[in-house]
Structures are given as C-alpha cells and as structure tokens.
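One-letter residues, chain by chain:
Protein chains: 2
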Amino acid sequence: MAFKFASRMDTVKASTIREILKLTEKPEVISFGGGMPAPELFPIEELKEVTLSVLDSAGQKALQYAPTDGYPPLREKIVERLNRLGIEGIDKNNILLTSGSQQGLDFSGKVFLDPGDVVICEKPSYLGAINAFKAYQCKFADIPMDDGGMIMEDLEKALMDNPRVKYIYVIPDFQNPTGKTWSVGRRKELVDMANRYDTIIIEDNPYYELRYEGEIPPAVKSFDTEGRVVFLGTFSKTFSPGLRMGWVCANEEILMKYNLIKQGSDLQVNTLTQMQLNTYIETYDFDARIEEIKKVYRHRRDLMVQMMKENFPEDVKIFVPEGGLFVWLEFPENVNTTQLMLKALEKNVAFVPGDPFYPNGGGENTCRFSFSNMPDEKIIEGIRRMGEVIKEM
Amino acid sequence: MAFKFASRMDTVKASTIREILKLTEKPEVISFGGGMPAPELFPIEELKEVTLSVLDSAGQKALQYAPTDGYPPLREKIVERLNRLGIEGIDKNNILLTSGSQQGLDFSGKVFLDPGDVVICEKPSYLGAINAFKAYQCKFADIPMDDGGMIMEDLEKALMDNPRVKYIYVIPDFQNPTGKTWSVGRRKELVDMANRYDTIIIEDNPYYELRYEGEIPPAVKSFDTEGRVVFLGTFSKTFSPGLRMGWVCANEEILMKYNLIKQGSDLQVNTLTQMQLNTYIETYDFDARIEEIKKVYRHRRDLMVQMMKENFPEDVKIFVPEGGLFVWLEFPENVNTTQLMLKALEKNVAFVPGDPFYPNGGGENTCRFSFSNMPDEKIIEGIRRMGEVIKEM
Chain C
2 MAFKFASRMD
12 TVKASTIREI
22 LKLTEKPEVI
32 SFGGGMPAPE
42 LFPIEELKEV
52 TLSVLDSAGQ
62 KALQYAPTDG
72 YPPLREKIVE
82 RLNRLGIEGI
92 DKNNILLTSG
102 SQQGLDFSGK
112 VFLDPGDVVI
122 CEKPSYLGAI
132 NAFKAYQCKF
142 ADIPMDDGGM
152 IMEDLEKALM
162 DNPRVKYIYV
172 IPDFQNPTGK
182 TWSVGRRKEL
192 VDMANRYDTI
202 IIEDNPYYEL
212 RYEGEIPPAV
222 KSFDTEGRVV
232 FLGTFSKTFS
242 PGLRMGWVCA
252 NEEILMKYNL
262 IKQGSDLQVN
272 TLTQMQLNTY
282 IETYDFDARI
292 EEIKKVYRHR
302 RDLMVQMMKE
312 NFPEDVKIFV
322 PEGGLFVWLE
332 FPENVNTTQL
342 MLKALEKNVA
352 FVPGDPFYPN
362 GGGENTCRFS
372 FSNMPDEKII
382 EGIRRMGEVI
392 KEM
Chain D
2 MAFKFASRMD
12 TVKASTIREI
22 LKLTEKPEVI
32 SFGGGMPAPE
42 LFPIEELKEV
52 TLSVLDSAGQ
62 KALQYAPTDG
72 YPPLREKIVE
82 RLNRLGIEGI
92 DKNNILLTSG
102 SQQGLDFSGK
112 VFLDPGDVVI
122 CEKPSYLGAI
132 NAFKAYQCKF
142 ADIPMDDGGM
152 IMEDLEKALM
162 DNPRVKYIYV
172 IPDFQNPTGK
182 TWSVGRRKEL
192 VDMANRYDTI
202 IIEDNPYYEL
212 RYEGEIPPAV
222 KSFDTEGRVV
232 FLGTFSKTFS
242 PGLRMGWVCA
252 NEEILMKYNL
262 IKQGSDLQVN
272 TLTQMQLNTY
282 IETYDFDARI
292 EEIKKVYRHR
302 RDLMVQMMKE
312 NFPEDVKIFV
322 PEGGLFVWLE
332 FPENVNTTQL
342 MLKALEKNVA
352 FVPGDPFYPN
362 GGGENTCRFS
372 FSNMPDEKII
382 EGIRRMGEVI
392 KEM
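Residue numbers (this note's numbering), protein chains in the order written: chain C, 2 to 394; chain D, 2 to 394.
Since the hints were made in silico from the structure, they are not lab data. Misleading hints may appear alongside valid ones.
Said to hold, decoys possible - Derived list of chain C stretches under chain D, where covered just means 3 residues or more per stretch with a C-beta under 8 Å from a C-beta of chain D: (1) 49-63; (2) 109-115; (3) 133-141; (4) 258-264; (5) 346-352.
All C-beta atoms, glycine included, are put in the ideal place defined by N, C-alpha and C.
Chain C extracted, bound-state conformation (with noise of 0.2 Å):
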C-alpha cells in the first residue's frame, strides 16, 4: 500500500542513537552510546515517599486534568533555579513545563519555522534537535567552534548571508556531543548579535547543574535584554528521565506560543509527575542529590579518559568536558567511526558515531563516549576493547 505521508516525512528519518540503544538492549553489551542516567543514582525511595504523600494529600487532583502551563509551585521552584543562573526579572508565568526538554525542541521548531526557514546551530549539534526541528523542513547553516564557543566571524557571516534565519540554537554547557563550554564573554557576544540581527536564540541546557569543576557560568539567556532567548531546562539528568519533566523559559509573548502549541499537541504533562517533582523538591536536599550523582559522573569521567589515554593511539583527541556525560574523540581523517562502532559491536561495545550530530554531513571521524551509565568495571573493560578494535583497524 502506497500511503501518501506529509512531506516532511521524506526528512524525519529514525535516530541513529535510539537504534543503537535497542541493538545495546542486550545486557552484555557495555553501551557508551546513549546519554543515559546512571540508574543506580535514581531517588527510589524517596520517590515512594513522595507518591504516598501526594496521593494521600492531593490524590483527585493530581490525578485529574490540570492547566496547560503547568503546577504553579513547581514553576516558582524553576524560577528559584533559574535565578542562580543570573536569569533575573522571570517569574512562574515565564515558566511552561513540557515532557522532557526534548518537547521543548520540537515547539520551537514548531512555533517558529516554516518550510525554508533557517536555524543556526553550533557544529557539530544536538542530534535529537536536529531532527525535532528537520520536521518542519528547515534549513541549517552549522558553526564551526573553538574552545570558547561559536566562532563569532563565522556566526555573523551566517546571519548576514541567510535572511531566513529564525533562531540560533546552542548548548553552552558541555555541549552534546563534544562536551565544550561557551565562555562568559561569548555568551554575552552572542546575544549581542542576536539583539543585532533580530533573531532568537534557543539555549538548550540540560547538563549546567552536573558541572565538574569550577564555576557554573551565567546562561546565555543572563544577558537577554529584550526578551529573545529562549531556555529549555529539564530533570531528566538530575532526577530522572523516565518521568519526562522539562520546561521552557521565554518572556511571555513567546512563551503564550509555546502555551498554544502544547494544548494542541497533548494538553498537559502528566499531574502526578508534577506533584511529586514539587514535593520531592519540597521534601528534600535536591542540590544534596546533585552533589552525589556529580561524584559519581566526575569519577567516571576521569576514569574513562585515563583509559582512553592508556589503551588509545595518541593521533586520537580526546576532549575532556567540564561537566555532563560525554567525552568527544576525533580522529584521523581517513578513519570512518561507523566502521568502527561495527568492529566495537562485535566486541559488545557501543558508542555514537559523529557524522548525525553534523546537519549538512562530515564529522565521519568523530564519535562520541557517554560516561555517565556504566559503572568502573565495564569502563575499564570496555575501553580495553576499543583500544583493540582501533588497533585492528
């Protein structure tokens, strides 16, 4: 049967990761690929506590339809975290919750682009983005980066050669996939240049508060003076990506969009979820919690680029992250990481390779190592075997 599809479906292709993470189902795969919580870290019990509590207190209305734009408590309890980031003058009608940060995406693919439209993004970038917003048949225009962030003259020649140009998308804190952090002062370029060439930015940050050492920097959207950057913020790597609990911060013109676009898309997140995230917050130490998985993480991090550094060829580069779950590699030219991940596989190791996190293609020698959900042993084990692969090829 020859059904006939939007043509947008000629664009939305399946995510090379989510097929990986199905090939890695098997449990004696040791899988470096999704960005996964470490599940060992998830507030079990804390999280029975917290149910009891809100169904025992609030059971009919937490089980019950629920506006739009979310628990009101827990929206303020956003606004408090927001402000540590230097995000001031916001309160909770700044706030919509959404189902994980990735719903924030594809509203924002769906709030503002049409077909043709253009969106910068930092290159390489988030996959699960690029193919949020590849549904609305855009284009992208990706920005090489140094170690501070975009590469300013290259943004600015993008802005002025695609009038079409509706956002610029970036993850300033350890960028997924390669694990760089935008520095203060070009965050502050950034918005700068937004403000000029009138476009929006969307600020991803999902990884800010598993920082590894120094400083959390100011968001980007710290600098906003007239309103144009969006943030999407999310629970899934502090408390649990299961629950899908993210939301978007905007001024409230943009934000009414948002609004909009949810009602029509499925109504609401899920009451209970709310409830419970506002009373486990309420109940407990969260930046406690925070602390405790930032042990773990910085650990396994360090224990992963040691052993890249051991058992890896020194043409290989490494980039160590401040912060989040991922180590970048690049390596030679002529060596092909999906070749590669296919020789690993046979060895029951999975990474990522690079190239779909590239929108208009290369990146082939890159690839990318998750820390965050595989304990030492099989950190160890299992780069001891890419260490053999890489030698075999």
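Fit chain D to the given chain C structure using the hints.
Showing chain D alone in chain C's frame:
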C-alpha cells in the same frame, strides 16, 4: 518586540474550552464545561499500591529512558482490549503509546498533513482535534450527520470535490460534541469508501467503554481490510486523564511514521506511568472499575437530561447520548450560546458553546454540557439556574 513566528501561529488560537476551564477554577462555579472525569472515582488507593510495587520490583527501569514504542506488556494488554472491539490481526507492534490521545491527534496531523491538505470531519467535530490539525495548516470539509453517522452522499461528494483529502477524522462512539454514535452499517460503508477513494481514516475513540445501554459496536478499524484505519485510544476516561496515557493502533508502515514523530517530539511517554498502568491492569479488575464509572455517569446523564426536560423550553433540542460524557443542545436559530454562556457565568454555571466545534463556522445556537464531573446536587442546581438564564434571554 515583533517576533517572527511560523506562519502556522496565525491559525493556532487559544482553545475556548481551556480558557473556560480557567474561569471555572473558582470552587463556586458549577461547571458542565470540560470533559473531566469524576475525580472521586479515581483509583487512588490502588495507584499507591501499584506505585510501591513497581518501584520496589523495578524502580531503576521505571525511572530510566525507555524505547519510544512503549512498554511491551502494556501494549499487549491494549491489544487484548482492542480485540474485544473486533480489531483482529494486530499485535503489540501495532501499538505506540502516546501522551493521551490528544498526542495521537497531533501526530496524525504531523504524519499526514501538508499545508493546504484537506481533513474531512464530522460537522461538528472535536475542538481539540480541529486545533491540533490546524497547526499543520490544513482545510476542513465538514460533513453533516444524522443519527447513524456522517451522511454518506455528502461524504462521497466531499471526497470527489477535494483531491487533497488526506484523511477522514471520525469519533464513532458518543461523538464529541454531539454524543452521536455511528451505526454498524455506516462504519462498514465508511471503510469501503476510504478504500475506494484511497484515503486514511483516523478513528478517535476515547469513550467507547463508557456505554450506558446496548452493546459496544465493532470499531471502524474492525472493518479495515487495507491497513488504512488509524485507531486512537486513551486511558484518560477509564483510569486517569492526569497521567496522560493514550495509544495509536495502526498498521506497521503507518505506525513507524508515528514512532519517528514521537522520537522527535518527546522521545517516549513517562516510563513509570506505563509500568503503573500495566501493573494496575494485572493486579486489579479494570473492567469492574469501568462498570462502577458507568453506573455513576449513567445516573448523572439521566439526571441531567431529566432536569433539562423539566427546566428548559420545549424548543431546545436535547440529544441524549448512549454513553460518553456529553449532552448536546440545539437552540432555536436566533439564540447565541456564547451570549448564553456569559449570562450563565454570572450565575456561576459554565458550559461550552458549540461554535468552536464547527471548523468552517456555524453552530452558534448549539452547546455542549458535560455531566461526568458534577455530583447530583450540582447538576440539579446548575440546570435549574440554566433554565432561569434561558428564560431571561
């Protein structure tokens, strides 16, 4: 600031129902507005047990990312329930879990609609579906109904007149807003016609289990011979709407497109919720629960209809549904129900005017009353006040 939004945002407007829901948050308002389940029937104690059981036995899994299609045991249980509707030859690979059936509606637009495409729908049709589809910049051909469903001659004419029809959207059981139910013969004719004109049917069926008299008829999809009927279901009316759990049942080629869209939209539904629902159905008698709901709603429907007959003038036409949540009213042509609603709100009574359910205009003399959410004394008092408002106009 004049931000440049996507052109779709010109047509995406606030839902009247959601706006009314905000007005009716005041406890003194007797609301017959939204299709809200009765919260006193929510399985709160059971959900507490189920949550502890899931978190104790598989907490790490319940809080982690999970595959997009959804938890296999729950999808298998959905298959069993659909088998009872006469939908045969399906297995769990024909099921994708969604964030309520509202998300199934949104995805139907996203998978099938290009700007300018035509959706055929009932006249009137569900406002939430109209708004979801509008975001994909479609046009509507709305088909008049009699007591057995769409008038088939009008449907065929619309199919002939509109080469860009992508699908026919129907709510065959206790239609929202009219409460009407398609006859079995008409369901079969509908599928035959979709086959003949090579189009898709979106069968939105959130209420079929809430039937207060007679037998549940076979689903439209039960007559599907070519894999062209997409069935949207939900646990919102039988378990809890706040948990946002629905599903799409479709042939595998079509479902793969919905799956790709789900990946880009929000990755997956809440993992914990999937497992909670699965364990609930395994542990408790779900059908007995539905019988309890039906008993309460049947009584409320009967009470509301009786009160309307006693308090409303004879020229107000009352459509009594065999199930579902809504009574539909047709006033004489010169009555405007939006004005009526504003008068009713002065007396703290809310309902939903009918005209937003007409995608191409009309229906200003119609309105929808929900009977599920209000206890006896409020139904009696609310309809009494409505009688006064009508007489005053």
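message: Checking each numbered hint in turn, tell me which of them this model violates, lowest number first.
response: Checked against the structure, the only hint that fails is number 5, while the rest are satisfied.
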